[in-house]
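Sequence lines, in order, name chains A and B.
Numbering of the first sequence is given in full-length UniProt numbering, commencing with residue 1 and proceeding in unit increments.
Numbering of the second sequence is given in full-length UniProt numbering, commencing with residue 1 and proceeding in unit increments.
Derived from the structure by calculation, the hints contain no laboratory data.
No copy labels: a pair is met if it fits in one copy or bridges any two.
Only pairs whose alpha carbons sit at most 25 Å apart, straight line, appear in this in silico DSS-like list of lysine-lysine:
#, residue 1, residue 2
1, Lys222, Lys291
2, Lys139, Lys222
3, Lys139, Lys34
4, Lys122, Lys171
5, Lys247, Lys171
Number of protein chains: 2
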Amino acid sequence: MKEFDFIRQYLYHQKNDNNILLGIGDDAAIIRPKPNHDLCFSSDMLINNRHFFANVAPSDLAHKVLAVNISDMAAMGATPRWVLLSVALPELEETWLTAFCDHFFALAKQFDITLIGGDTTKGDFAFNVTIIGELPEGKALRRDAAQTGDDIWVSGKVGLAAAALNHHWGKVALPPKIFDTCEQSRLRPTPRVALGQAILPFAHAAQDISDGLAQDLGHILKASEVGADIFADSLPTLPALYDVLEKTLVYDYTLAGGDDYELVFTAPEACRNDILNAAQISHTPVTHIGKITQSGHLNIFDANGEPIQLNSLGFDHFG
Amino acid sequence: MKEFDFIRQYLYHQKNDNNILLGIGDDAAIIRPKPNHDLCFSSDMLINNRHFFANVAPSDLAHKVLAVNISDMAAMGATPRWVLLSVALPELEETWLTAFCDHFFALAKQFDITLIGGDTTKGDFAFNVTIIGELPEGKALRRDAAQTGDDIWVSGKVGLAAAALNHHWGKVALPPKIFDTCEQSRLRPTPRVALGQAILPFAHAAQDISDGLAQDLGHILKASEVGADIFADSLPTLPALYDVLEKTLVYDYTLAGGDDYELVFTAPEACRNDILNAAQISHTPVTHIGKITQSGHLNIFDANGEPIQLNSLGFDHFG
Numbered sequence: 001m002k003e004f005d006f007i008r009q010y011l012y013h014q015k016n017d018n019n020i021l022l023g024i025g026d027d028a029a030i031i032r033p034k035p036n037h038d039l040c041f042s043s044d045m046l047i048n049n050r051h052f053f054a055n056v057a058p059s060d061l062a063h064k065v066l067a068v069n070i071s072d073m074a075a076m077g078a079t080p081r082w083v084l085l086s087v088a089l090p091e092l093e094e095t096w097l098t099a100f101c102d103h104f105f106a107l108a109k110q111f112d113i114t115l116i117g118g119d120t121t122k123g124d125f126a127f128n129v130t131i132i133g134e135l136p137e138g139k140a141l142r143r144d145a146a147q148t149g150d151d152i153w154v155s156g157k158v159g160l161a162a163a164a165l166n167h168h169w170g171k172v173a174l175p176p177k178i179f180d181t182c183e184q185s186r187l188r189p190t191p192r193v194a195l196g197q198a199i200l201p202f203a204h205a206a207q208d209i210s211d212g213l214a215q216d217l218g219h220i221l222k223a224s225e226v227g228a229d230i231f232a233d234s235l236p237t238l239p240a241l242y243d244v245l246e247k248t249l250v251y252d253y254t255l256a257g258g259d260d261y262e263l264v265f266t267a268p269e270a271c272r273n274d275i276l277n278a279a280q281i282s283h284t285p286v287t288h289i290g291k292i293t294q295s296g297h298l299n300i301f302d303a304n305g306e307p308i309q310l311n312s313l314g315f316d317h318f319g
Numbered sequence: 001m002k003e004f005d006f007i008r009q010y011l012y013h014q015k016n017d018n019n020i021l022l023g024i025g026d027d028a029a030i031i032r033p034k035p036n037h038d039l040c041f042s043s044d045m046l047i048n049n050r051h052f053f054a055n056v057a058p059s060d061l062a063h064k065v066l067a068v069n070i071s072d073m074a075a076m077g078a079t080p081r082w083v084l085l086s087v088a089l090p091e092l093e094e095t096w097l098t099a100f101c102d103h104f105f106a107l108a109k110q111f112d113i114t115l116i117g118g119d120t121t122k123g124d125f126a127f128n129v130t131i132i133g134e135l136p137e138g139k140a141l142r143r144d145a146a147q148t149g150d151d152i153w154v155s156g157k158v159g160l161a162a163a164a165l166n167h168h169w170g171k172v173a174l175p176p177k178i179f180d181t182c183e184q185s186r187l188r189p190t191p192r193v194a195l196g197q198a199i200l201p202f203a204h205a206a207q208d209i210s211d212g213l214a215q216d217l218g219h220i221l222k223a224s225e226v227g228a229d230i231f232a233d234s235l236p237t238l239p240a241l242y243d244v245l246e247k248t249l250v251y252d253y254t255l256a257g258g259d260d261y262e263l264v265f266t267a268p269e270a271c272r273n274d275i276l277n278a279a280q281i282s283h284t285p286v287t288h289i290g291k292i293t294q295s296g297h298l299n300i301f302d303a304n305g306e307p308i309q310l311n312s313l314g315f316d317h318f319g
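Next comes chain A alone, as it looks inside the complex (with noise of 0.2 Å):
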């Protein structure tokens, strides 16, 4: 099969959107905005071994690929419209192909994304997607904009994804039951698009939990120039993740793991009913974890209120 029976018999899915004035297909794809909205734009770039392991299935693989990129536009509080992809494959195998593809453009299909453009080329597995996403003029969930006072609020469970990625490296041995949910959580994320733009008219500052809660909160707190205390034990995880490993150890998957996909998001205190009004809205289980303080520091405190320290702050990409 050649490059460009690949492309057309695989990634053609025209779609009717009237904001795509062209395509796939030509040196470009041309947009049209849509009039008094932002666009924005993220890229993220999954390697093989790095990100996913070499005998992943083709359908997990594309759910990953896709959905960490529509997560990013979840964290702004935007709506995904558009994805360029671009991968590198070391042969066009059919059968693989066609379970990648089916899996990817039913996740798109889920989210209204289409698929505009991208590449193709001869390699081990290397994928990147850049996605698109609309948000109402001058709307955002941005990093910088968390106040002293806020509540801090995590969406769905996190550490599950760590806990799974710690038993395939043998580091930790779960009973199978908890393993395939754990597992699930680690190759199929939901993109929490639905309550990002919930919460968009009352949160303050927002992030996807990719590298770690406590890391990625961090990154708020920075941008924001303020601390937190948060409270570990509040942390919504898998309870029975408690019952099979050491206290510690859960510490760690819930606020050092990653992978989670997630949103970590501040919102005013009066805001309380609206955050879980927009939870209940879009279905999405949100749990309250903290408060922003303007220490400038981020503080956890176990059950008792004792400081914890953390072995490490999460995921370094060139650690």
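Add chain B to chain A, keeping to what the hints say.
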């Protein structure tokens, strides 16, 4: 050096740009589109030992990574504005990074382009650039707009990069001076942005030559449902190549070599003066190489009017 230090130290080049509401450093950048303009999007992935040699100088690599994307904007007649750069690097080596970033940002500055996002990860050298350009609303040099009777033009010189590459592969031995000229073309292609914009009011279809003139012109013919007659001896190339190579090899390199990043475009006969003026204004030589026909085929003739058969139709990314 940690990832975030790297991003801070090398990639934050803030620039005055009224359309950037939020630059690099959040989950996503935010752009406010200029009124009455469409946006163009293109993405290219470059992989070690596939698109560049492992020992390539970092400045040459930076040039190619960015220039091939700028070239896609030139081919649309668009003004390049913003880029997202994803890089996989085996290590963070400061000398290498400085050389790479210095040239990357110098070239970006030359074209008034701002880096607004991207990704960094550990891995074998791999690069992805997504570029965003602006077009006056409804204007673009599309592949599907060539018309029977159009002149076919090509910018600059073609076949030099292929000659240099074949020298590297040991398939030909070019004299040092000729090799140097060809190697410079291969390593430092000039994106034809000024020409693309200058011909925008007159030209019908355009495409940049990355996979070989015959194949890339073929995309225009297919999309426009037309044919073409072109004249192999009219193709602009380094005249000295005819002195040191078999004529059939020169034909192969100029017609099917690729990596030229020149523009091939079509325009009505009535616009010949306009095209030549546009070339003058943009300081870009252009050469008339043939005509669009209704034949549905690409016919290539030698100086005696005899048809030429190519050994290959150009580069196949999975060949």
